[in-house]
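As given, the protein sequences belong to chains H and S, one line each in that order. Under this note's numbering, think of the first position of the first sequence as 1, with each following residue one higher. Under this note's numbering, think of the first position of the second sequence as 318, with each following residue one higher.
Just so you know, the hints here were simulated from the structure itself, not pulled from any lab data. Treat each hint with caution, since some may be false.
What the hints assert, rightly or not - Keeping only pairs whose Cα atoms sit at most 25 Å apart, straight-line, the calculated DSS-like set for lysine-lysine is:
| hint | chain 1 | residue 1 | chain 2 | residue 2 |
| --- | --- | --- | --- | --- |
| 1 | S | 451 | H | 175 |
| 2 | S | 536 | S | 606 |
| 3 | H | 175 | S | 381 |
| 4 | S | 472 | H | 175 |
| 5 | S | 381 | S | 522 |
| 6 | H | 92 | S | 606 |
| 7 | S | 846 | S | 610 |
| 8 | S | 610 | S | 837 |
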Amino acid sequence: MIGDLLLSIFNSDFLYSVIRITAPILFAALGAVIAEKAGVVNIGLEGIMMISALFGVLFGYWTQSWLVGVIGALVIGVLLALLIGFFAFELKTDIILGGIAVNMLGAGGTIFLLDMFTGMRGNTGALVTRELLIPTVDIPLIQSIPYLGQVLSGHSVLTYLAFLLVWLIWVVLYKTPLGLNIRAVGENPNAATSIGVSVQKIQYIAIGLSGAMAGLGGAFMSMYYSQGWNSGMVAGRGFIALAATAMGRGEPVGTMLSSLLFGLAQALRTKVSGMQGVSSYLVSVIPYLVTIIGLVLYAISIKNKLKKRHAVTEGAE
Amino acid sequence: MEQEVIVEQKEIVEQEDFVVQMRGISKVYPNGIAANKDVDFLLRRGEIHAIMGENGAGKSTLMKILFGLEQPTSGEILINGQSVAITSPNKAISLGIGMVHQHFMLVPSLTVAENIVLGMAPTTKSRFLIDFKKAVQIAEENAARYNLRIDPNAKVIDIPVGMKQKVEILKALVRGAKILILDEPTAVLTTQETSELFKELIALKEQGFTIIFISHKLKEIKQITDRLTIMRGGRSMGVYNTADISEKEISRLMVGRDVVLKVVKDKSQPTETVLKVRDLEYTNRWNKKMLDKVSFSVRKGEILGIAGVEGNGQRELVEMLFNLNTPDAGTVTVCGESIVNLSQDKIRNRGVSLVPEDRMTYGIADIASIEENVISDRFGNKRFNKGPLFNMREIHHESQNLIVDYRILAKSPKQQVKMLSGGNIQKVVVARELSSMPTLLIADQPTRGIDVGATEFIRNEIVELSRGGTAVLLVSADLNEVIELSDSLIVMYGGKIVGYFEDSSQLDDLTMGEYMLGLKHQTEEEIAKVSYE
Numbered sequence: 001m002i003g004d005l006l007l008s009i010f011n012s013d014f015l016y017s018v019i020r021i022t023a024p025i026l027f028a029a030l031g032a033v034i035a036e037k038a039g040v041v042n043i044g045l046e047g048i049m050m051i052s053a054l055f056g057v058l059f060g061y062w063t064q065s066w067l068v069g070v071i072g073a074l075v076i077g078v079l080l081a082l083l084i085g086f087f088a089f090e091l092k093t094d095i096i097l098g099g100i101a102v103n104m105l106g107a108g109g110t111i112f113l114l115d116m117f118t119g120m121r122g123n124t125g126a127l128v129t130r131e132l133l134i135p136t137v138d139i140p141l142i143q144s145i146p147y148l149g150q151v152l153s154g155h156s157v158l159t160y161l162a163f164l165l166v167w168l169i170w171v172v173l174y175k176t177p178l179g180l181n182i183r184a185v186g187e188n189p190n191a192a193t194s195i196g197v198s199v200q201k202i203q204y205i206a207i208g209l210s211g212a213m214a215g216l217g218g219a220f221m222s223m224y225y226s227q228g229w230n231s232g233m234v235a236g237r238g239f240i241a242l243a244a245t246a247m248g249r250g251e252p253v254g255t256m257l258s259s260l261l262f263g264l265a266q267a268l269r270t271k272v273s274g275m276q277g278v279s280s281y282l283v284s285v286i287p288y289l290v291t292i293i294g295l296v297l298y299a300i301s302i303k304n305k306l307k308k309r310h311a312v313t314e315g316a317e
Numbered sequence: 318m319e320q321e322v323i324v325e326q327k328e329i330v331e332q333e334d335f336v337v338q339m340r341g342i343s344k345v346y347p348n349g350i351a352a353n354k355d356v357d358f359l360l361r362r363g364e365i366h367a368i369m370g371e372n373g374a375g376k377s378t379l380m381k382i383l384f385g386l387e388q389p390t391s392g393e394i395l396i397n398g399q400s401v402a403i404t405s406p407n408k409a410i411s412l413g414i415g416m417v418h419q420h421f422m423l424v425p426s427l428t429v430a431e432n433i434v435l436g437m438a439p440t441t442k443s444r445f446l447i448d449f450k451k452a453v454q455i456a457e458e459n460a461a462r463y464n465l466r467i468d469p470n471a472k473v474i475d476i477p478v479g480m481k482q483k484v485e486i487l488k489a490l491v492r493g494a495k496i497l498i499l500d501e502p503t504a505v506l507t508t509q510e511t512s513e514l515f516k517e518l519i520a521l522k523e524q525g526f527t528i529i530f531i532s533h534k535l536k537e538i539k540q541i542t543d544r545l546t547i548m549r550g551g552r553s554m555g556v557y558n559t560a561d562i563s564e565k566e567i568s569r570l571m572v573g574r575d576v577v578l579k580v581v582k583d584k585s586q587p588t589e590t591v592l593k594v595r596d597l598e599y600t601n602r603w604n605k606k607m608l609d610k611v612s613f614s615v616r617k618g619e620i621l622g623i624a625g626v627e628g629n630g631q632r633e634l635v636e637m638l639f640n641l642n643t644p645d646a647g648t649v650t651v652c653g654e655s656i657v658n659l660s661q662d663k664i665r666n667r668g669v670s671l672v673p674e675d676r677m678t679y680g681i682a683d684i685a686s687i688e689e690n691v692i693s694d695r696f697g698n699k700r701f702n703k704g705p706l707f708n709m710r711e712i713h714h715e716s717q718n719l720i721v722d723y724r725i726l727a728k729s730p731k732q733q734v735k736m737l738s739g740g741n742i743q744k745v746v747v748a749r750e751l752s753s754m755p756t757l758l759i760a761d762q763p764t765r766g767i768d769v770g771a772t773e774f775i776r777n778e779i780v781e782l783s784r785g786g787t788a789v790l791l792v793s794a795d796l797n798e799v800i801e802l803s804d805s806l807i808v809m810y811g812g813k814i815v816g817y818f819e820d821s822s823q824l825d826d827l828t829m830g831e832y833m834l835g836l837k838h839q840t841e842e843e844i845a846k847v848s849y850e
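Bound-form chain H, shown alone (with noise of 0.2 Å):
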C-alpha cells in the first residue's frame, strides 16, 4: 500500500494537482503577506474569496467574457478589503470583528446574492459555460520536456499568474518606495509619522492589495477549480492561507513554500481517499494536521529568533 502511495505521488498528474491546490491557497496567503507587511490583520479573507469568487461567475456571466470576471473579482476584493479598512482605521473597530464580519458576508450573503441575481440557489449551475472558465496555456519548449512538462505546462493563465507574484510582491516590498513604507509602517509606526509618511494611507493600501489577491483567489476558485459557484467552495482556504503566511514568517518565498505544502497536503488527501482500506475521515484530516505541526514548528523558530534578538538588542523601544 505504501509502496503504491509513493509510486502515485511521483506521478506527474499528482505533482501537477498540487500546483493546481496551490495556486488559490497562495494568492490568498499573499494577500495575507502584504497585509502583516503593514502591520495590518486580515482575517477576512476567506469572505473576500466567497465574495469575489461568486461576482466573478456573475461578471463573467454579463458580459460573457472571462476577463472581465476576473477582474470584476478583483475589484469587489479590493473593495471589500478597502472596507475593512474602513470600519478599522475610520471607525476605529477591532479589524479582527470587521474581518469576521466579511466573513460571515461571505458565508450567508453570497447565497442570497445569487438568489437576487439569478434566481439560483446554492450553486450557479449552468451560468460557467466553457468558454468562462479561465483558459489554460502550454508553455512552449517546456510542454515538450517528458514529465516535468506534464507538471508544470498545461495550467491556468491564473496558476502562472500567482507564482509570478510571489516574485512581484516580494520586489514590491523590497525594491521599492512603497515596500519600504509598508515595512517601516508595519514595524514602527511612530518612525514612519516621524517623518511623515502617512500611516494610515500605507495601511489602506496594503489591505487594499491584499483583497486584490483574494479577490484573484475567488476567481480562480469558481471560474477554474470548481468551474462554477456553490456555497462550500472557499471550504477555509483563507484561513490555511493565514497559516501559511504565519508558518512562511510573512515572506513571499517563505509563503509560497508553506502554501505548496499545504497544497501537497490537500492533493494527498484527496489521493489517499481514494485508496482501498483507508478510513476517509482520517485521510480528511492530513491537511489540518500540517497546519498544526507548520504553526509549532513556527512558533519554536519565533521563539528562538527573539531570544537571539534579545540577546543583541539594545536601546531600541
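Given the coordinates of chain H, assemble chain S onto it according to the supplied hints.
Just chain S now, with coordinates in the frame of chain H:
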C-alpha cells in the same frame, strides 16, 4: 530690577538674529492642566541652547509645540522673523526644524541607509525601484559632511545606541533641518558616547546649525551650551548665558516650590523596623547601573520619603520591592522575612501595599467597575464569598463604604473606573491599598497629575495611616510633597542614596536642589544612618 531686564531683552530682540521666537506661549490641556504659562523662548542663530527643568516643568510641551506635535492655546511663533502656524511635524520639517526624540523613531529591521531615506527614497530611472546605491551614497555623504560616523549597510537592530542617535540626527539633517531639537539625548548614552556626541554637536554648531538641548544634567549643560532657558512649573524662569550663571544658581532656579502646601501632622514616633533594604543592586539591559548599593530602613509609624529627579533609580527601587523586577544583588526584608522573588499575592499577604506610579496600568483595570477594582486584592476573603459564588451584597456593601470613606465621586459602585476623573481614579487605588491596613505602604508618586482637593485628601490619609502604625515609603518627584509629607528623607541621584535627612522639616529647597542635581553628597557614614536595624 525686573522691569529693566525686560526692557533690555526687547532691545536685544530688535538687534539680534533669532531663528526661533516663541512669544507668550500657553498650553492648557483639555483636562485643565496648564503645561505652559506665557512662556517666551528666543533662539539665536547658531547657538546651542539648553532648556532645563524638572520633569513636568513644561519643557517637553514647549518643544512639542515647536515641532508641531501640539498646538499652543495662545501665543505666537516666528521662524526667521516670519509668523507661522506649525500644524504638524511635516510642517515643522519643511520649516527646517528637526527633532531627535528620546525614544528613537527607527525601524529596526531596515538598514541605516533605508531609515535615513525613508519616505524620500531615491529611485532608479524607472521611478519604480529604489536606488539602493544612491540611498547608501546619500547616507555616506551626509555622514561625512556632518562628521557623524555610521555604517549605512548595517541593520538598525544590530547597531549600538550611540549610532542609533546619529542616525536620528542624520534623518533630520537629510530632510534639511537647520534647527535640531534633542530631547534628553544623553539619557541613554554611556560616558564615551556622550563626549563623542558633544564633539559632533559642536561641529554642527560651527557649520551654522542651531541646537536646542533638553536636559537636567548640570555638568553637561555647562560643558556644551551657550545659553540656557530654565523652566519651572510651566513658566520660564529666564534666559541666561551659560558662562555667567553658576551651577548653584541654576539649581536654585530649577528646583523650588511654587506654592507650599502645608500638611498638618504630629511628630512621628517610630518603633520597630518593618522594611529593610540592604545593598540592592541592579543594572538594566542597556548596561546602565540603576541601583548602586542602596540600603535603608523604614520603621513603624514613620514616613520615609525618597526625593530625586526622575530616572535616578526610584522606579527600579519600587519595582524590586514589589517583585516587578529582580535585583542583581542585595536583600529586601519585611518584618525580618525576605520578599525577593515572592509573588505579588504573597507580598501583599505579608501586609505590603502599593500605590503605583502608573495607576492606569498597575493601579486599576480601567474597564472594570469601581466595585471590582476595590475588591481585587481581597476577593478571596471568606467574607466576599458564598460557596462557589461571590457574596454580591457584601461586596457592594464594602465598596459603598470605601466610596464614602475615601470620598470617591461616582454615580454608583458599578461605574466603570475609566469614566472617573484622574483624582477619583487615584482615590479608588488609594482606597483599596490603604483600607487593607498594611504594615508597609509604598506610595509612588501618589498625587501626580490630580487636582488639589484629591491631593490634600490623599496626603492626609497617608499621614493618618502612618500615625496608626504603618510604615510608609513615599517616592515622589514633587519636592513640595516629599518635604511636607515625610518625617525623614533620602535623596537618590545616579542610582545611589546621596543624602539622608532625619528631620525633613528642617530642609530648604536650595539644599535639596543641590543634592538632587548631584552637586553635593553626604559621606557614607552619614548615609548609613538610615540603615538602622
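Taking the hints in turn, this is what the structure says about them:
1. Between residue 451 of chain S and residue 175 of chain H the CA atoms are separated by roughly 13 Å; this keeps the pair inside 25 Å, and the hint holds.
2. For the hint pairing residue 536 of chain S with residue 606 of chain S, the CA-to-CA distance comes to about 19 Å; that is within 25 Å, so the pair holds.
3. Among the hinted pairs, residue 175 of chain H with residue 381 of chain S is inconsistent with the structure: their alpha-carbon atoms are about 34 Å apart, more than 25 Å.
4. The straight-line distance between the Cα atoms of residue 472 of chain S and residue 175 of chain H is roughly 16 Å, inside the 25 Å bound, and the hint therefore holds.
5. Distance restraint check for residue 381 of chain S and residue 522 of chain S: the Cα-Cα separation of roughly 22 Å lies within the 25 Å cut-off, and the hinted pair is therefore satisfied.
6. As the CA atoms of residue 92 of chain H and residue 606 of chain S are separated by approximately 42 Å, the hinted pair breaks the 25 Å bound.
7. Only pairs whose Cα atoms come within 25 Å are accepted, and residue 846 of chain S paired with residue 610 of chain S is accepted, the gap being roughly 14 Å.
8. In summary, the hint linking residue 610 of chain S to residue 837 of chain S is supported, as the alpha carbons are separated by about 18 Å, within the 25 Å threshold.
The structure is inconsistent with the numbered hints 3, 6, although it conforms to all the rest.
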